[in-house]
Amino acid sequence: MLDIATAYNKYTFLGNEFLTWIWFLIEKQKNLSTIMEYKESITLEIGNSIVLENNLGDKSKEKITIKGDQAGLEEGTTALKKGAWVTEINLKCKIGEEEEYKFTIKGESFNITGLKTPAIQTSKSEDEFEGMILEKTYLLQKITEVIDTLFLKYVEKRISNDWKTKEFQEIRNWIHS
Amino acid sequence: MGLISSTHSMSRYHIEGKFETAVMDEVRNGLIKNSIPKLENVYEEISAGWTPCESPYNPDFEKFSFIFGNYFSFSLRIDKKSIPAKLIQKHMALEIEKKKEESGRDFISKNEKTEIKEKITDILMYKIPSIPSIYDVLWNYEEGSLFLFTTQKAANEFFETIFLKSFDLKPIRLFPYTIVETKSKLSADQKENVLSLSPLKY
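Listed in order, the protein sequences are those of chains A and B. Residue numbers for the first sequence, in the numbering used here: 386 to 562. Residue numbers for the second sequence, in the numbering used here: 5 to 206.
For the record, the hints were derived by calculation from the structure and aren't laboratory data. Hints are supplied without guarantee of correctness; some may be wrong.
Capping the alpha-carbon separation at 20 Å, the derived lysine to aspartate or glutamate pairs in EDC-like fashion look like this [stated by the list, open to error]:
#1 B:Lys67 to A:Glu513
#2 A:Lys491 to B:Glu44
#3 B:Lys205 to A:Asp547
#4 B:Lys205 to A:Glu447
#5 B:Lys195 to A:Glu447
#6 B:Lys22 to B:Glu44
#7 B:Lys195 to A:Glu513
#8 B:Lys85 to B:Glu44
#9 B:Lys174 to A:Asp547
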């Protein structure tokens, strides 16, 4: 394994590419359950924020932040055309018919903030403490598994032989459409 | 608490290695040996250690459980004393005035100022109470995965140091590269292909 600090900086782009791909999947209404080979239905929506960054070459960066529940993403698509990447995105993820999760994920670290899982029954009773922890743990495991599975599917596609002729072209067409 | 609260911020780890002896005992011993002291050391700027997640201010692992089903859950508590810069500034000004009066001089040398600052910092450090911060940990030992309920860099660094010291197992932060290394089913050749990737241009 590479030195962790070196690997963190060197492969930041992979996380940002992944978040940009997620936006593409959402916009093109791709079937996530099929991509992830999940039996349960998985849907993603862009939530209330998206951050893009564009390296301007001379060590300076352009940062575009779009916030708001019904915010238009036109500035974001313009930024993509200029070569920017999604570096942070707020997502709503629905697993099955009822489970809804909301969270913000960062491309470089995969840090998750503001994560709201489906509600669990809370109680002050000590006997039920273990139950609450296990229920919450189940939900946290579930959403992180979705993120990891989707990311690893992206990586598989990214190193596949037909990446340049298939997915890459589709994303490119979407960005420049 | 972080784990039971309605909103979470978290970073994730892969835990490298396994215990050679009884798992529960190793974890219990590691937690007890590195639990946060019950009584605050008034001279320490930062003090950090484990505490049960049910009882953040009473680090008693005999009384409170850290085993929940197949998971270990406990909290990292970091007690930090933080002296506001303006408070140091105020006491410095008062002390400098006093020194000038006592010595009959109208100036104070650089060395004297440094000495005064050190003395004031020591006194304030002793007087000021520490502020506790609590971060929950959820560890799936069998799967070698762990959630730390914070994304603060300093807390992550404390966690990594104390975890390694407590259990002699290395926590590896999960981010794009380490997810590929630890969670993917890719072959060695495929992993090499990932390593040789460079940023795309659409």
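Practice task
Below or equal to 20 Å on CA atoms is what counts here, so check lysine 67 of chain B against glutamate 513 of chain A.
Solution key: The given pair, whose Cα atoms are some 17 Å apart, holds under the 20 Å limit.
Problem - Restraint status (C-alpha distance of lysine 195 of chain B to glutamate 513 of chain A at most 20 Å) - result: Between lysine 195 of chain B and glutamate 513 of chain A the Cα gap is close to 44 Å, so the pair fails against 20 Å, i.e. violated.
Practice task
For the pair supplied as a hint, lysine 195 of chain B and glutamate 447 of chain A, confirm whether the alpha-carbon distance does not exceed 20 Å.
Solution key: violated (32 Å)
Handout entry: Hint consistency between lysine 205 of chain B and aspartate 547 of chain A [alpha-carbon to alpha-carbon, up to 20 Å]
Key = holds (17 Å)
Practice task
Take a quick look at whether lysine 85 of chain B and glutamate 44 of chain B sit within 20 Å of each other, Cα to Cα.
Solution key: With a Cα-Cα distance of about 11 Å, the restraint between lysine 85 of chain B and glutamate 44 of chain B holds, given a limit of 20 Å.
Exercise for the section: Would you mind confirming whether the straight-line C-alpha gap from lysine 491 of chain A to glutamate 44 of chain B stays at or under 20 Å? Expected result: violated (36 Å)
Handout entry: 20 Å Cα cutoff - pair lysine 205 of chain B, glutamate 447 of chain A
Key = Holds, at roughly 16 Å.
Handout entry: Satisfaction of hint between glutamate 44 of chain B and lysine 22 of chain B, Cα-Cα up to 20 Å
Key = violated (33 Å)
Exercise for the section: Assess, step by step, whether the Cα of lysine 174 of chain B is no farther than 20 Å from the Cα of aspartate 547 of chain A, and give holds or violated. Expected result: violated (38 Å)
Consistency note: the structure conflicts with the earlier hints numbered 2, 5, 6, 7, 9.
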